[in-house]
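Here is how the chains run, residue by residue.
There are 2 protein chains.
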Amino acid sequence: MTYVAQGAFAPASRIETAVRSMVVDRPTLVLDVDRVEFQYHQLKQGLGRAHIHYAVKANPTREIIERLVNIGSHFDAASRAEIELCLSQGADPADISFGNTVKKVGDIAFAHHAGVTLFAADAEEELDKIAAHAPGAEVYIRVIVENSQADWPLSRKFGCRGEKAIDLMAYATELGLKPVGLSFHVGSQTKRAEMWTGVLDAVAEIWHRAQAEGYALDLLNIGGGFPAFYGEAIDAPSTYAARVMELVGARFGDVPRVMAEPGRGLVAECGAIIAEVLLVSKKSDDDMHRWVYLDIGRFSGLAETEGEAIRYQIATPRDGDPVGPCILAGPSCDSADVLYEKRPMMLPVTLKSGDRAIIRNAGAYTSSYSSVGFNGFPPLDVVIL
Amino acid sequence: MTYVAQGAFAPASRIETAVRSMVVDRPTLVLDVDRVEFQYHQLKQGLGRAHIHYAVKANPTREIIERLVNIGSHFDAASRAEIELCLSQGADPADISFGNTVKKVGDIAFAHHAGVTLFAADAEEELDKIAAHAPGAEVYIRVIVENSQADWPLSRKFGCRGEKAIDLMAYATELGLKPVGLSFHVGSQTKRAEMWTGVLDAVAEIWHRAQAEGYALDLLNIGGGFPAFYGEAIDAPSTYAARVMELVGARFGDVPRVMAEPGRGLVAECGAIIAEVLLVSKKSDDDMHRWVYLDIGRFSGLAETEGEAIRYQIATPRDGDPVGPCILAGPSCDSADVLYEKRPMMLPVTLKSGDRAIIRNAGAYTSSYSSVGFNGFPPLDVVIL
Numbered sequence: 000m001t002y003v004a005q006g007a008f009a010p011a012s013r014i015e016t017a018v019r020s021m022v023v024d025r026p027t028l029v030l031d032v033d034r035v036e037f038q039y040h041q042l043k044q045g046l047g048r049a050h051i052h053y054a055v056k057a058n059p060t061r062e063i064i065e066r067l068v069n070i071g072s073h074f075d076a077a078s079r080a081e082i083e084l085c086l087s088q089g090a091d092p093a094d095i096s097f098g099n100t101v102k103k104v105g106d107i108a109f110a111h112h113a114g115v116t117l118f119a120a121d122a123e124e125e126l127d128k129i130a131a132h133a134p135g136a137e138v139y140i141r142v143i144v145e146n147s148q149a150d151w152p153l154s155r156k157f158g159c160r161g162e163k164a165i166d167l168m169a170y171a172t173e174l175g176l177k178p179v180g181l182s183f184h185v186g187s188q189t190k191r192a193e194m195w196t197g198v199l200d201a202v203a204e205i206w207h208r209a210q211a212e213g214y215a216l217d218l219l220n221i222g223g224g225f226p227a228f229y230g231e232a233i234d235a236p237s238t239y240a241a242r243v244m245e246l247v248g249a250r251f252g253d254v255p256r257v258m259a260e261p262g263r264g265l266v267a268e269c270g271a272i273i274a275e276v277l278l279v280s281k282k283s284d285d286d287m288h289r290w291v292y293l294d295i296g297r298f299s300g301l302a303e304t305e306g307e308a309i310r311y312q313i314a315t316p317r318d319g320d321p322v323g324p325c326i327l328a329g330p331s332c333d334s335a336d337v338l339y340e341k342r343p344m345m346l347p348v349t350l351k352s353g354d355r356a357i358i359r360n361a362g363a364y365t366s367s368y369s370s371v372g373f374n375g376f377p378p379l380d381v382v383i384l
Numbered sequence: 000m001t002y003v004a005q006g007a008f009a010p011a012s013r014i015e016t017a018v019r020s021m022v023v024d025r026p027t028l029v030l031d032v033d034r035v036e037f038q039y040h041q042l043k044q045g046l047g048r049a050h051i052h053y054a055v056k057a058n059p060t061r062e063i064i065e066r067l068v069n070i071g072s073h074f075d076a077a078s079r080a081e082i083e084l085c086l087s088q089g090a091d092p093a094d095i096s097f098g099n100t101v102k103k104v105g106d107i108a109f110a111h112h113a114g115v116t117l118f119a120a121d122a123e124e125e126l127d128k129i130a131a132h133a134p135g136a137e138v139y140i141r142v143i144v145e146n147s148q149a150d151w152p153l154s155r156k157f158g159c160r161g162e163k164a165i166d167l168m169a170y171a172t173e174l175g176l177k178p179v180g181l182s183f184h185v186g187s188q189t190k191r192a193e194m195w196t197g198v199l200d201a202v203a204e205i206w207h208r209a210q211a212e213g214y215a216l217d218l219l220n221i222g223g224g225f226p227a228f229y230g231e232a233i234d235a236p237s238t239y240a241a242r243v244m245e246l247v248g249a250r251f252g253d254v255p256r257v258m259a260e261p262g263r264g265l266v267a268e269c270g271a272i273i274a275e276v277l278l279v280s281k282k283s284d285d286d287m288h289r290w291v292y293l294d295i296g297r298f299s300g301l302a303e304t305e306g307e308a309i310r311y312q313i314a315t316p317r318d319g320d321p322v323g324p325c326i327l328a329g330p331s332c333d334s335a336d337v338l339y340e341k342r343p344m345m346l347p348v349t350l351k352s353g354d355r356a357i358i359r360n361a362g363a364y365t366s367s368y369s370s371v372g373f374n375g376f377p378p379l380d381v382v383i384l
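Protein sequence lines correspond, in order, to chains A and B. All the letters of the first sequence, read from the start, carry residue numbers 0 to 384 under this note's numbering. All the letters of the second sequence, read from the start, carry residue numbers 0 to 384 under this note's numbering.
Misleading hints may appear alongside valid ones.
Because identical chains cannot be distinguished in the list, a pair is counted as satisfied if it fits within a single copy or across any two copies.
[What the hints assert, rightly or not] Simulated crosslink set (SDA-like; lysine to any residue; CA at most 25 Å straight-line): (1) 341 - 304; (2) 341 - 305; (3) 351 - 114; (4) 281 - 88; (5) 341 - 307; (6) 177 - 92; (7) 341 - 306; (8) 351 - 334; (9) 351 - 135; (10) 177 - 15; (11) 190 - 213; (12) 190 - 19; (13) 341 - 308; (14) 177 - 235; (15) 341 - 204; (16) 281 - 345; (17) 281 - 137; (18) 351 - 130; (19) 341 - 44; (20) 177 - 211; (21) 351 - 246; (22) 177 - 94; (23) 190 - 211; (24) 351 - 127; (25) 177 - 281.
If you are wondering where the hints come from, they were derived from the structure by calculation, not from laboratory data.
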């Protein structure tokens, strides 16, 4: 996954052409909404009859939501504010699922009154809250699946064990809710469709056990995990999605409702960040590595570099010159604000303060992660092409 | 450092009394500015003739800066916005140092025109930038010191090696700048004054070598590292600071200008966050641990729980009831948004959704770290007592 410097800013997509000439005074995310639409259709082609519920948290920019509403997307919301955003752009509340398993009571009541009918849960207490504030709602139970094949494996934070999932269906029924199905997550940035196999096997076992116990499940939420291109080869979205649906079909048969929640896989490649090199230095003259400090860091948009999990490609006007290893860091006076240190980046030896740095495929999990103003640096700006 | 549940909300400081009755609709940081003033005077008493340059990044709330200006504090700024903030509250530009070693060129020019005369640097290119945009300025060179005794040891991000520091003084002189001294950082939350010894020894060696080579240094910036109370015993601020100054005096003698940059040590204990329990659950019925989800997490104010580095004390109205181990997590649909998992927290077994959770001594590095709206959750609110 080592980055090899390419011709200056090549290949020239619409975004790359735009960012080359754009004048900005702070780190700026440039988004191409037409590209979002293109990516949506690619994924939809592979997913077939499954509904796409866009994971709004990946990028809640209004223009993206507006476009997705217009082309028929459904939505996965994490909070009241995300539901309000979708509604404000004309989304049908019946097309919005409230997918956070940890919801504020007031948010559940708001969603219910707004017409949202589908909620996620993984615990008794969450079902109690839903039953009290969205009586009669449909719920799907999120299950935990072990997985270590994703680039960013998920922790145990969400979901419950299989046997508990069935207990929760019983409990939901008791509370007057409708337990309609299961959800799971294979892990963010799961690079190949084949990596879904083990997880799908495990979920199918729970699914069929629940059916055997008399629960007429009709909804399978396969979550996200659809990858974006960060330098390593991935399949085309339509190919990838079609293969996942084949794997699903083989295990679950003809499920009436299948939903998928791409976030990163839908929007990451639709944006690039314009950043600037603030300083290139060495700690001592005989150091092998240079330190390269950008005007954007972990607390101003690049939160996903935590643990060096997501490794962005970076283009500079000096690409093509000889390269050398660099430790990449952000601008804040925070020693944790280092992007890549364990695996240094190869960047041009000619790079210097004032040079532009384009962070490619940065349309997901950047702008909304940005801090309100840590160290006095303003939040990441967003420009729509 | 295991938290032991105490009597409900005891001991009752002014902040704890206030947060008990305050009605809020989202996570809220409550600040007591009188307490900031008290803490300032405590530290000042120990630091003697050293100037306190408050590290604005720790908490840039306007009311804190205003009060500190009024009682004679100086300031350490990380960016143009922090300088503007200090100036807007009446700070004398001569009392503001621009301590970020990675500065935007435009910010240097702004600072220079505003009257700021003291800048940090640790690299040739940074000196070039300062010489071009703040000609004739005073600079201090930040050196790297190895240290593993702080609760949050700093990375190698800032500073240069000792031999290079002297080369940089020569280079600064060549550029028409005034190399006036050295700075360093012992590491955040250095709990005992004695832990400064090794670092001070190392810096003193560089200091005396520079003096021997003809640099008439007159400024020593001892940085931050002053601890806050998070449950483990620490010395009173005045005792701690006095002991550090003794250690400094023994190694550096009578330095004309000494500056200290407390951030956490000045404001952490002056604030508490009002949060709410959203969900208490188990992944399976035979789990030993409960999962407790709060309405605040790593991306909405508690960034310093990364790696479980800062371990906040949490008070609930059910303190006094029997306790059991809990994994603590934030509200977002992000699997990395887990606060304490490796070392679970002991919390009341009676804790449930809707209960208030008071996060004590959370006045530093919380509000400004908060994201602009990840997952649709609004940034941490701030209320001044």
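Hints and how they fare:
1. 341 - 304: Both, since 12 Å and 21 Å are each at most 25 Å.
2. 341 - 305: Both, since 12 Å and 18 Å are each at most 25 Å.
3. 351 - 114: Neither. Shortest intra-copy (54 Å) and inter-copy (27 Å) distances fail the 25 Å Cα cut-off.
4. 281 - 88: neither (50 Å within a copy, 37 Å between copies)
5. 341 - 307: both (8 Å within a copy, 20 Å between copies)
6. 177 - 92: Classified as within; 18 Å inside a copy, 65 Å across copies.
7. 341 - 306: Both ways: residue 341 and residue 306 sit 9 Å apart in one copy and 16 Å across, limit 25 Å.
8. 351 - 334: Within one copy only: 22 Å inside, 36 Å across.
9. 351 - 135: between (61 Å within a copy, 23 Å between copies)
10. 177 - 15: neither (48 Å within a copy, 43 Å between copies)
11. 190 - 213: neither (36 Å within a copy, 59 Å between copies)
12. 190 - 19: neither (29 Å within a copy, 49 Å between copies)
13. 341 - 308: both (11 Å within a copy, 20 Å between copies)
14. 177 - 235: Neither. Shortest intra-copy (37 Å) and inter-copy (58 Å) distances fail the 25 Å Cα cut-off.
15. 341 - 204: Answer is neither: 39 Å inside a copy and 30 Å across each miss the 25 Å cutoff.
16. 281 - 345: within (15 Å within a copy, 45 Å between copies)
17. 281 - 137: between (58 Å within a copy, 22 Å between copies)
18. 351 - 130: between (59 Å within a copy, 16 Å between copies)
19. 341 - 44: Classified as neither; 39 Å inside a copy, 43 Å across copies.
20. 177 - 211: Answer is within; shortest intra-copy Cα gap is 17 Å, inter-copy 81 Å.
21. 351 - 246: Neither, since 49 Å and 40 Å both go past 25 Å.
22. 177 - 94: Close inside one copy (17 Å), not across copies (65 Å); limit 25 Å.
23. 190 - 211: neither (33 Å within a copy, 59 Å between copies)
24. 351 - 127: between (58 Å within a copy, 12 Å between copies)
25. 177 - 281: between (62 Å within a copy, 22 Å between copies)
In terms of the numbered hints stated before, the structure departs from hints 3, 4, 10, 11, 12, 14, 15, 19, 21 and 23, listed from lowest to highest.
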